[in-house]
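Take the sequences, apply the hints, and build the full model.
Whatever position you read off the sequence shown (first residue = 1), add 5 for the numbering used here.
Treat the hints with care, since some could be wrong.
Unchecked claim - In silico PhoX-like links for lysine-lysine, alpha-carbon gap of 20 Å or less: (1) K88 <-> K98; (2) K7 <-> K219; (3) K219 <-> K43; (4) K7 <-> K98; (5) K98 <-> K219; (6) K230 <-> K98.
Stated by the list, open to error - Simulated restraints, written as ranges between beta carbons of each label pair: (7) V168 <-> V63: 33 to 41 Å; (8) Y202 <-> T161: 26 to 34 Å; (9) K43 <-> Q150: 39 to 47 Å; (10) I30 <-> G157: 22 to 30 Å.
If you're looking for bench data, these hints aren't it; they were derived computationally from the structure.
Each residue gets a CB set at the ideal place from its N, CA and C atoms; glycine is no exception.
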Amino acid sequence: MKELRIIRICLAVLFFIGAVLFLAIGLPVHPALRFVEKFQIIPSAISFSLGAIIVWLVITLFLGRIYCSTVCPVGTLQDILSKGRKIIKPLNKPFSYRPGVRMRYYILGAYIFCIIAGVAAVPFWIEPWSIMRNISGDIHPSAEQIEWIRIGVGVTGGIVAGVVSFILLLIVALFTGRGFCTDVCPIGTGLGCLSNYTLYHIEIDPDRCINCMKCEDICPSQCIKVVSRYVDNSRCVRCFECGPVCPNDAIRFQINRNRRITPLMNPTTQPKAHI
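Set out below in structure tokens:
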């Protein structure tokens with residue numbers, strides 16, 4: 006998965022820089038920057054561009070939540086902010102598995118209801134593109150003032166929302182890594198609902214796993230449970246950080262589901278010979 010990780014990082018950096026330039030400055034930088042917005046799910050839905058939505062549904066059915074780790078700027082921002090864990094000593098420790106919370110489905114339901122009812126308040130605070138718009142708008146408020154006025158929050162409200170959103174994302178990223186993506190984001194939760202039907206998924210080979218815990222320690226989504234050889238693919242954002250750290254090539258991005266085929270020969274269960 007090393008090659009996939011490199012490709013993912015390159016795409017994430019490209020879309021993140023493009024999103025910041027597009028939202029903070031606008032088309033005067035270069036008209037081609039509009040491609041960043043065209044690839045976002047919600048802006049495409051608002052503009053009735055079904056093509057982008059269908060493309061992302063198909064991609065998700067094949068690869069899982071790759072959208073969250075490559076195109077979504079808020080996801081990349083969390084990856085950047087979570088690097089601060091290494092600087093703050095009390096937080097400089099490995100991640101560990103956390104079970105998914107049911108609240109994410111309630112948030113998704115509330116989000117869909119608000120979209121249908123035309124209520125802008127909830128999407129304004131929890132939809133990734135809106136969050137990135139507010140944060141980038143703090144750099145150059147005049148670039149976003151028309152959008153803020155259109156949805157009825159005003160320039161001051163947009164600036165405050167940007168500051169608050171950035172602080173909240175910073176806290177969440179420092180303590181939970183991709184916690185916003187896995188527990189709050191309605192787009193991520195919606196894509197995660199397709200996880201049982203995806204062609205490719207992250208799997209732990211039980212016959213190769215040696216319980217080193219490295220994949221669980223590095224997983225920013227905290228969706229890997231080594232002791233059970235379990236990966237919660239509904240929360241996995243396909244960052245591909247886990248594969249390269251595995252010393253025994255036990256965690257892979259593959260089509261087939263793994264089942265233990267030689268339990269007595271597993272490195273962690275094989276009895277030691279008595280002399």
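Quick rundown of the hints versus the structure:
{"no.": "1", "hint": "K88 <-> K98", "result": "holds (12 Å)"}
{"no.": "2", "hint": "K7 <-> K219", "result": "holds (15 Å)"}
{"no.": "3", "hint": "K219 <-> K43", "result": "violated (37 Å)"}
{"no.": "4", "hint": "K7 <-> K98", "result": "violated (23 Å)"}
{"no.": "5", "hint": "K98 <-> K219", "result": "holds (12 Å)"}
{"no.": "6", "hint": "K230 <-> K98", "result": "holds (17 Å)"}
{"no.": "7", "hint": "V168 <-> V63: 33 to 41 Å", "result": "holds (37 Å)"}
{"no.": "8", "hint": "Y202 <-> T161: 26 to 34 Å", "result": "violated (44 Å)"}
{"no.": "9", "hint": "K43 <-> Q150: 39 to 47 Å", "result": "violated (22 Å)"}
{"no.": "10", "hint": "I30 <-> G157: 22 to 30 Å", "result": "holds (24 Å)"}
In this structure, the hints that do not hold are numbers 3, 4, 8 and 9, in rising order.
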